[in-house]
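Chains as they are written, first to last, in the numbering used here: chain S, 1 to 289; chain B, 1 to 286.
Any given hint might turn out to be false.
Simulated crosslink set (DSBU-like; lysine-lysine; CA at most 30 Å straight-line) [as the list claims (entries may be wrong)]: (1) B:191 with S:242; (2) B:13 with S:181; (3) B:82 with S:284; (4) B:277 with S:181; (5) B:13 with S:263; (6) S:181 with B:190; (7) S:137 with B:191; (8) S:239 with B:190; (9) B:50 with B:190; (10) S:284 with B:191; (11) S:189 with B:277; (12) B:190 with S:192; (13) S:229 with B:253; (14) S:284 with B:190; (15) B:190 with S:263; (16) S:239 with B:253; (17) B:50 with S:263; (18) B:13 with S:239; (19) S:239 with B:50.
Calculated from the structure, these hints are not laboratory results.
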Amino acid sequence: MIDIKNLVHRYTIWESDTKKSKKTVLDDVTLDISPGQLVAILGPNGSGKSTLAKHLNVLLLPDEGTVWIDGKDTKDAKALWDIRSTVGMVFQNPDNQIVGTSVEEDVAFGPENKNLPSTLIQEKVADSLRAVGLLHKRKSSPFRLSGGQKQRVAIAGALAGTPRCIVLDEPTAMLDPAARKEVIHVIHKLNKEAGITIVLITHHTDEVVGADKIILMNQGHIIQEGTPKEVFDNFELLKKVKMDVPQVTELAWNLARQGIPIKTPVLTEEQFVTEMMRIYEDGKNREDC
Amino acid sequence: MMRIERLGFTYSKNTVDECRVLEDISFHIQEGEFIGLIGSSGSGKTTLIKHLNGLLKADSGAVYFQGQNIYDKGYVLSKLRKEVGLVFQYPEHQLFGRTVLADVCFGPQNLGMSKEEAEKSARDCLELVGINESYYHTSPFELSGGQKRCVAIAGILAMQPKILVMDEPAAGLDPETKHMIFDLVEEIRKKRNIAIVLVSHHMEDVAYYANKVLVLHQGRLVLTGEPEEVFTKTEFLREIGMDVPQITSVTEKLMKEGFPMVNPAITVKEAEERILKVFRERGGAE
Chain S
1 MIDIKNLVHR YTIWESDTKK SKKTVLDDVT LDISPGQLVA ILGPNGSGKS TLAKHLNVLL
61 LPDEGTVWID GKDTKDAKAL WDIRSTVGMV FQNPDNQIVG TSVEEDVAFG PENKNLPSTL
121 IQEKVADSLR AVGLLHKRKS SPFRLSGGQK QRVAIAGALA GTPRCIVLDE PTAMLDPAAR
181 KEVIHVIHKL NKEAGITIVL ITHHTDEVVG ADKIILMNQG HIIQEGTPKE VFDNFELLKK
241 VKMDVPQVTE LAWNLARQGI PIKTPVLTEE QFVTEMMRIY EDGKNREDC
Chain B
1 MMRIERLGFT YSKNTVDECR VLEDISFHIQ EGEFIGLIGS SGSGKTTLIK HLNGLLKADS
61 GAVYFQGQNI YDKGYVLSKL RKEVGLVFQY PEHQLFGRTV LADVCFGPQN LGMSKEEAEK
121 SARDCLELVG INESYYHTSP FELSGGQKRC VAIAGILAMQ PKILVMDEPA AGLDPETKHM
181 IFDLVEEIRK KRNIAIVLVS HHMEDVAYYA NKVLVLHQGR LVLTGEPEEV FTKTEFLREI
241 GMDVPQITSV TEKLMKEGFP MVNPAITVKE AEERILKVFR ERGGAE
């Protein structure tokens, strides 16, 4: 689906009116994402996550290396619109990406721009809104929705372009806990039920434990790639790049270090409770003997 | 230091869009307190904090600052705005100075400090937030996101407020920058004995830093207390659409399974200590 080879990206920095220099923000990034995967990208501010995301639907072009989306080179100008309809984007702030005066008008913006017949547009809009659970709000003003709902409208807008992949750049950063859950739930549903490939950029580690693959970035490099279990097992590396881990993961590590025989990494609350109770019951049985 | 009494507020009063946002809110803010204000989107948090420095005027109730009602005739609101510093969401969007130093000097100078005083205050505050002298004469727009936010916070601190109110100061920041900013605020609180009001959606952060928590729901204060008291009311919080720290949720589940802990924990450290205590005590009994 997404195939990236030795991607390099440099920004121009103007040090004064005439003097400029280059800053490398992506340095030799190679990455392969298969269709239907849910991939999370983690990393500190400035590590190159958003720059990478922008290469996926040709908002940026490589300085070196190549990005293929579905076999098409992003440098090929003829493939531009094909690639953009393959990959949909959702950004952090829902207020900055809503254009319509009603929810359905907003979602229709993409397909209308493609000059599709109006019956088809209506169908696409209804399907997209149904997929994010907002069909009943189709006539509402998007500005009267909650933050979580607005972000779901943005996702519906991306869906209306019938993409096979959606890239979400910190879609939950501005949302409250309930809204975050709403959005993450919709993202997982689209991945599982519609088979849409998802690339999710986030700072919230609790949102990535359900991913198929986690990519850890730092200073323009991919420093680790693996299943959540593999990535969260590397305590030293995560601490080194100052990433947070879910609280249960941290607690399990701390306990293990104090000699409690808990199997790390622990990723979910359920796993923690099961592990803890196993150790507790074991000890009790031994006492009884 | 500040007392809010039975405050109520309606948006767009006497129009079709009329909307009661705050109802019967009472609490106080004391020197050195770290208050966490939580509530789901639309619960009235941002509206409430806009009352703390008189940006909005309540239509019922009163706000007393150092014993004086700020709604009294002749009360000078600009003085209050110097004492109560408000850091909005994404404060870096409000940077506008030509240089970092000029930007931070703007607030205090605007509120009547002399140029020298303002500059001294600005330098102190920039040092506090970890922006060193080499940045003073660069444009604030050339800084990284985290640095910009630090400069914006310094701009408020330079007015030397007695209460610092912050609306989601960590939104969009990576964990490291977030902890840096929170630790810094905590340090400033201790150093200057100012009060902090932190509005946040992140229960983990509120549980870790605050010593008093206010919960807003549909415009009313529904719960007030120490973090321990508030976050262990997990069922109530979930009912009103709020979350609890993951650590509270998981320790609660453990207890339900019969793990002998007295109370759910609200920080990782607390959970660790309590779990270790259970095993240690049993070890001792053997």
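Residue 190 of chain B paired with residue 192 of chain S [C-alpha distance capped at 30 Å]: violated, 49 Å
Pair hint outcome, residue 284 of chain S versus residue 191 of chain B [Cα-Cα no greater than 30 Å]: Violated. Residue 284 of chain S to residue 191 of chain B sits at ~49 Å, over the 30 Å cutoff.
Pair hint outcome, residue 82 of chain B versus residue 284 of chain S [Cα-Cα no greater than 30 Å]: violated, 61 Å
Holds or violated: residue 13 of chain B to residue 181 of chain S, with C-alpha atoms at most 30 Å apart: With a Cα-Cα distance of about 34 Å, the restraint between residue 13 of chain B and residue 181 of chain S is violated, given a limit of 30 Å.
Residue 13 of chain B paired with residue 263 of chain S [C-alpha distance capped at 30 Å]: The given pair, whose Cα atoms are some 59 Å apart, is violated under the 30 Å limit.
Residue 137 of chain S paired with residue 191 of chain B [C-alpha distance capped at 30 Å]: violated, 50 Å
30 Å limit on alpha-carbon distance, applied to hinted pair residue 284 of chain S and residue 190 of chain B: violated, 46 Å
30 Å limit on alpha-carbon distance, applied to hinted pair residue 190 of chain B and residue 263 of chain S: Judged against 30 Å, a Cα distance of about 40 Å means the pair is violated.
Proposed proximity, residue 242 of chain S with residue 191 of chain B (alpha carbon, max 30 Å): The hint holds at about 26 Å.
Given pair status - residue 181 of chain S, residue 277 of chain B, alpha carbons within 30 Å: violated, 34 Å
Distance restraint between residue 50 of chain B and residue 190 of chain B, which requires alpha-carbon spacing of 30 Å or less: holds, 25 Å
Satisfaction of hint between residue 253 of chain B and residue 229 of chain S, Cα-Cα up to 30 Å: holds, 22 Å
Violation of the numbered hints given earlier is confined to hints 2, 3, 4, 5, 6, 7, 10, 11, 12, 14, 15, 17, 18, 19; the remaining hints are satisfied by the structure.
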